[in-house]
Amino acid sequence: MNSNQLLSLAPADILVIGAYFVTVLGIGFYLKRFTTTGDDFFLAGRDMTAWIAGLSFVSANLGALELMGWAGAAYQYGILATHWYWIGAIPAMLFLGIVMMPFYYISKTHSVPGYLKLRFGEAARATSAISFGLMTILMSGVNMYAMALIMQVILGWDLSFSIWVSSLTVGVYVVLGGLLSAIFNEVLQFVLIWLGALVITIVGLIETGGWSGMMARVHQNTPGADYTHLWSTLGHFSDNPMGIHWTGIVLGLGFVISFGYWTTDFLVVQRVLSAKDLRSARMAPVIGAAFKMAVPLIVIVPGLLALAVLPFKLVGADEAAVNHMHSYNEVLPLMLARYCGPGLLGLGITALVAGFMSGMAGNVTAFSTVWTYDIYRALIRKNASDEHYVSMGRWSTIVGLLISIGTAYLVMRSAGIMDYVQALFSFFIAPLFGTVVLGMLWKRATPAGGFWGLLLGTIASIGMWAWVKLDPSALRYVAMSQDAKAMAEDMYRALWSWIVCVLVTVIVSYATKPLPESQLVGLVYGCTPIPSDGDLALYRKPQFWAVLVAMGLVILNIVVW
Amino acid sequence: MHEQKGMISIWFFIGVLLLFYGVVILGQGLYELSSPPAKPVVLASLHIGIWWGILLLVLGGGYTRHFFPGRNR
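Residue numbers (the numbering used here), protein chains in the order written: chain G, 1 to 561; chain F, 1 to 73.
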């Protein structure tokens with residue numbers, strides 16, 4: 001144990017954390033008997049209710065780095081960080097449920113690259129599957145290392161101990177029960193994350209005298225800056241702590257990045273594909289959106305509370321390491337230490353560990369499905385038995401985890417690699433959204449158009465990133481201002497690469513021969529009969545709940561405008 | 001979910017774990033009433049452990065009972 005660790009655990013905390021590990025492993029062993037076919041292992045038998053699929057959909061995204069990173073971002077940038085939970089998620093989640101889900105679901109695809117194969121052919125599928133598989137597993141390793149580093153700071157745990165214990169646990173329950181086991185555990189993890197983190201919000205608001213008291217203290221502690229408004233400071237890059245303009249938030253984050261992630265990243269879409277019928281598949285993202293909208297309560301509010309009550313300043317990770325200070329990422333652990341005694345502290349740490357494991361399980365299940373169906377079956381062995389592919393799914397889970405662990409150790413030796421891997425991941429998401437959405441909504445899009453749009457959109461994204469790296473003054477073109485910060489640059493780069501993808505797809509499609517409509521049935525709007533839910537009571541219709549969630553989003557944005 | 005296969009509901013597993021957490025956290029909270037810690041947390045006077053432990057017991061107990069295997073078949 002490290003003598004400089006932030007927290008120390010009492011026997012009650014160890015009991016709480018230990019019970020969590022026993023439960024997740026027990027669930028994995030219990031579910032093995034229900035996981036015999038490919039559909040069971042890769043799509044949880046397509047038997048999940050809307051609630052289970054919806055909670056799992058949000059939980060797979062609610063990793064520990066996400067929790068701690070955005071709590072830290074709330075401390076650093078104030079309430080602006082909420083954009084990533086509201087405009088940066090909710091519209092896209094509702095669009096997935098109401099508009100896109102019928103095509104994913106009716107086509108009976110196992111994966112997003114699988115949909116591209118049906119719509120645009122093998123070349124588009126191969127491009128998407130290889131890039132997704134590679135990036136997912138590398139990102140998993142980067143997250144593994146980052147989490148282990150945080151556990152070292154918080155609890156003094158050895159890096160290798162954190163990496164191996166968490167990986168082995170996830171490996172055991174995913175290998176045994178596949179997606180079914182991952183989804184069960186993600187629902188459990190979601191509940192624990194809420195119960196572990198909500199204590200901070202409740203006790204913190206009591207300490208500051210409620211919402212208005214917290215805001216008053218934030219104003220007092222941040223003179224000359226506005227940390228408490230969501231939109232009113234976005235008129236110019238230099239008017240807000242994030243250095244961003246409202247066009248970047250609306251078009252870059254709210255449109256391209258958010259829609260790209262929530263509608264085409266297979267890590268999250270896979271959870272919804274496990275739903276038992278089309279109505280459940282459409283309801284799941286709507287349910288997920290309602291819970292996502294509430295997540296700022298346990299992530300952003302603790303960050304703001306830290307800004308209001310902590311008697312010292314937090315700094316960036318590099319400065320923290322040099323000057324022996326606390327970094328932004330330590331907001332949640334610091335607040336846990338402030339309010340939670342033995343037992344409750346264990347629950348809070350369990351919430352962080354659960355978040356970490358749900359994110360890792362999301363990565364490995366998505367990787368094993370894409371590897372097995374879209375790379376191995378498509379390119380290596382086409383006609384094997386179902387048992388063979390299930391076995392391949394289990395082995396690829398183990399190999400994927402080992403590659404992730406290898407990546408984590410690689411990053412441990414050279415931290416600079418982390419930035420490159422994270423940048424690589426961002427290159428593919430925005431163009432992929434352009435390709436999928438045109439494929440679903442525009443029947444004139446051709447296989448050549450889809451492939452070249454995806455490829456050139458991705459190359460454009462990489463090109464802009466390299467341009468700014470080589471010549472930082474290029475930022476004024478890529479992000480439209482020299483004042484733009486890293487996040488703003490990411491958003492504008494995503495927007496431009498999406499535009500390139502769409503333009504190339506349209507131009508090449510008009511220059512090539514369209515597919516006959518008979519080949520587009522079940523894949524494209526206008527060629528696919530969508531089962532009507534006209535006989536359902538209003539309260540059972542996904543559209544009704546989507547409208548309610550959208551109205552909630554508008555009201556919340558106005559309240560903290 | 002999976003009723004036709006006789007699968008135990010995930011909500012049962014969650015209920016049992018929360019019940020256990022409720023016992024541990026409430027027990028620790030009650031213990032601290034008689035033996036206050038040397039370094040108390042901020043707002044220790046609220047005894048949040050006791051209230052949170054009761055909440056977990058109620059949630060866990062409710063879910064365990066409602067989703068107990070075989071109860072709804």
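Calculated from the structure, these hints are not laboratory results.
Each residue gets a CB set at the ideal place from its N, CA and C atoms; glycine is no exception.
Some hints could be false.
Derived DEER-like restraints, expressed as beta-carbon distance ranges [what the hints assert, rightly or not]:
| id | chain 1 | residue 1 | chain 2 | residue 2 | range |
| --- | --- | --- | --- | --- | --- |
| 1 | F | Ala-44 | G | Leu-441 | 52 to 62 Å |
| 2 | G | Leu-379 | F | Gly-61 | 50 to 60 Å |
| 3 | F | Gly-70 | G | Lys-32 | 18 to 28 Å |
| 4 | F | His-47 | G | Leu-310 | 18 to 28 Å |
Computed, partial: chain G to chain F, Cβ under 10 Å [claimed, not checked]:
| id | residue |
| --- | --- |
| 5 | Val-191 |
| 6 | Gly-346 |
| 7 | Ala-378 |
| 8 | Gly-526 |
| 9 | Pro-529 |
Going down the list of hints, with the structure as the test:
1. F:Ala-44 x G:Leu-441: 52 to 62 Å: holds (57 Å)
2. G:Leu-379 x F:Gly-61: 50 to 60 Å: Given a distance of about 52 Å, which is inside 50 to 60 Å, the answer is holds.
3. F:Gly-70 x G:Lys-32: 18 to 28 Å: holds (21 Å)
4. F:His-47 x G:Leu-310: 18 to 28 Å: For Leu-310 (chain G) against His-47 (chain F), whose Cβ atoms are near 23 Å apart, the range 18 to 28 Å holds.
5. Val-191: This interface hint holds because 5 Å falls under the 10 Å limit.
6. Gly-346: holds (8 Å)
7. Ala-378: violated (30 Å)
8. Gly-526: Since the shortest Cβ distance to chain F is 34 Å, the answer is violated.
9. Pro-529: Violated, about 28 Å.
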